[in-house]
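Student: Residue-level listing of the chains:
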Amino acid sequence: MIGYKTNNDKMLTAVLLNQHLMEVGGYSEKDFTTFDQALVSLNPIVRTVARIIQGHSEGNTSKNIYNEITDYLKKTV
Amino acid sequence: MIIKNLTIKNYRSYYGECSFDFTSGLTLIIGDNGDGKTTFFDALKWLLDPALEKADINNISEMRKSELEIGEVETVSVSMTFDHDGEKMIEKSFIVERVNEDKYITRSFSFKGYETQGAERFPVTGKSLIVRCFDSFIQRYSMFKGESTLNVFDDPDALKMLVDKLSDIREFDEYVEMTDEFEAKSGTAYEKECKNDKKTEREAHILEGQKTEVNARINNTRRDIRDTEKSADLFASRIEVLEKNQEASERYQELKKLIKAREEDVLQWKSRISAQNFNVNLLDKLWILASFSPILKEFREKASAFSKEKRRLHDLFVAQRAKEEGRQEVLDEISSLANGTSRLPWYLPDQETMQEMIDDEICKVCGRPAAKGTDAYEFMVAKLNEFKKHLEEKKKAQEEKPKEEELFVNRYIEQMHNLSISLGGSKAQDISELSGTIYDRLELLETFKRELAKAEEKLQDALDDKARLLIQVEGVTEEQLDLDFQNLKGFFEQKGKAEKRLVELREELRKAEALKKEIEDRYDSLNPGSSMAKVYQKVHIILRNISEAFKEAKEFNLTRFLFEIQTLANEYLERLNTQDFHGIIKLVRTSQDTTEIRLLSTNGRAITDPSGSQLTTMYMSVLFAISDLTSSKRDENYPLIFDAPTSSFGGMKESGFYNIIDSIEKQCIIVTKDFLDDRGNIDEAKIDQLTCTVYRIQKEAGFNQDDLSTIRTIITPIK
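In order, the protein sequences belong to chains A and B. For the first sequence, the UniProt record's numbering assigns the number 1 to the initial residue and increments by one for each residue that follows. For the second sequence, the UniProt record's numbering assigns the number 1 to the initial residue and increments by one for each residue that follows.
These are calculated hints, taken from the structure and not from any lab test. Hints are not guaranteed to be accurate.
Here chain B is said to cover these stretches of chain A; the calculated rule only asks that three of the stretch's residues, wherever they fall, bring their Cβ under 8 Å from a Cβ of chain B [said to hold, decoys possible]:
1. 21-35
2. 40-54
3. 57-68
4. 71-77
Once the Cα atoms are required to be at most 27 Å apart in a straight line, the calculated DSS-like pairs of lysine-lysine come out as [stated by the list, open to error]:
5. Lys4/B / Lys699/B
6. Lys4/B / Lys75/A
7. Lys185/B / Lys538/B
8. Lys63/A / Lys551/B
9. Lys63/A / Lys538/B
10. Lys4/B / Lys63/A
11. Lys75/A / Lys199/B
What you are looking at is a predicted structure, and each value in this text was computed from that prediction instead of being measured. Cβ atoms here follow ideal geometry from the backbone N, Cα and C, with glycine treated the same way.
Produce the entire structure from the sequences given, and follow the hints as far as they go.
Tutor: In structure tokens, the structure reads:
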């Protein structure tokens, strides 16, 4: 988790380090060493969480974020 | 941000230009009541509040106003120089003009700022500078007027604001709300697919019905819990107030009785003193003569001498007069007749004899007849007339003589003599003893005065105790303390019922939420036939897990943040109460998502009625902790400014308190009347123990108590 400085970085770490989420998502800390890495992660949970955080911090509406992540998830899962 | 200088010009009691320089540590501004402490604080607040963008006629120095000639103008301003990424300055000012004898107008309000970049100084608006360097959030946690404003968590939004501004991760609330919404939406979409899927259609309908029912139950239970919690909190707070007040009330009643008794005592001594009427004694009891005993003696001796001399002169005079009168009579008597013989005295023969001889017409001196009409007869008649004439002359002479010949016309000497006699004897003795009597009475009076001073001191102690008690009970009036507390039992019963009901409701909620989770799990574990339903199922499960993860992360973040403040606050609490009991600060989250600051004993028991100074140090410790967090999280410092924060402190406590604050590396500006004795003199010994900058502010001497335009605050740097 070295190098995470911004609020987005901290938020991503705090959420993704959730033990249950890690278990059901099947990812590890290595999958989100940077925010940018998480945004392009192959793990759908890591990538979805990163997109939610980025979308909100960029001022996107929740509807747009929802549509984006569900479209992605539908294609991925 | 470090404030370097504050200059106040013609603002209320600050006449002319008054300047304070500050260090990055503690600065004390010491002043008595009415010396300008609160005006200092208000001037700073006026400067720093970007919303206050107009001139206020009430802020102008009355002294300066009174001096203005008609048509003359003056500037009122407050300016501050500070360090915040380089030196900056803000100044709020306006112009005041006297338009006639009674009317003043204000104009040209300005709020300007300057910031230094490199060697250059650029003008900016004061408002933008304040918003950038010392925003309202920071001001909320940096400026405090009186002890009662120190509990920042009195504001229900404080926790959310602090977490948003200072916790590791901000805006969690919005993410939690958003992911919750995603979970619900994806769930609805999945459920819809399940209901359209032949394989899961029937079970999905059943689960939907159960879910609707359990959601309704959960919502109702949550609403009931909120309502019951409010009731329980309300009863708890009433009980807390009543319990606190009950103890305070008992103490108040004791103090009231004590004050009454001591007031009576004071009145009694005053009455004894006023009964010592020396004015009456001065004349009625001849106290005025107390110092004149030797003079009285001299007076008596002189009066006696005068009296003796008068008697001697009078005797001499009488003797002389008698002698002269006797001589005349003798001369008269011895004057010769025509033939050279001596005449008979005028009184021989006497009147009766001569009348008898005239009536008998015979001279009974020579025995010869003196018939009427004869010379002898006429001689006797002439002799009788001469006798009568003589008598009349003598009588007349006797009447005239005293007036012409009285030696002492007035009776002053007799009066002096009588006064001397009246002042003699026992009275003279009394006067000579007056000094002792007066000394005794004065000694008695001094004793009475000493007793009065003691009684007044005791009364003041009781009044101070009462004042301290009222500070401790924070806003509870004397009338409230007089109220009966019989309702306390009723509140206890109602609180007990509410708490019992809460336990039941929470259990109901727990069960309902468990049931909901079970229904959701059953939903998520359905095995739909359509691939689309399977996709929606996976999407929903992922979003459900993500939503839960956001909630837990938020909780963890909040818990960690409160723990961080709590830890730092307890470090400060220990330092501020080095040699005193201080307890442990516990930040407790309430059901309404607010925070309460509580003081606990090490055994975990709440200290239900902490003293005023314990509360103040507790709140200040939390403020210092928040300030530290701001420094570390926002990478910026800001000053802490307090107006009279230690009014509930005792002398010993306040001295130790300032010594600790003095050693903390944080800019603190405290305006206070601590370190002043009853006469308004600075306790230099205590000041010497401090290393900080100290200013003394006070009213310029010679002011008129009824005339505001004579009041002017003078600033003196002490160290």
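Student: Under the constraints set out in the numbered hints, which ones does this structure not fulfil?
Tutor: 6, 10
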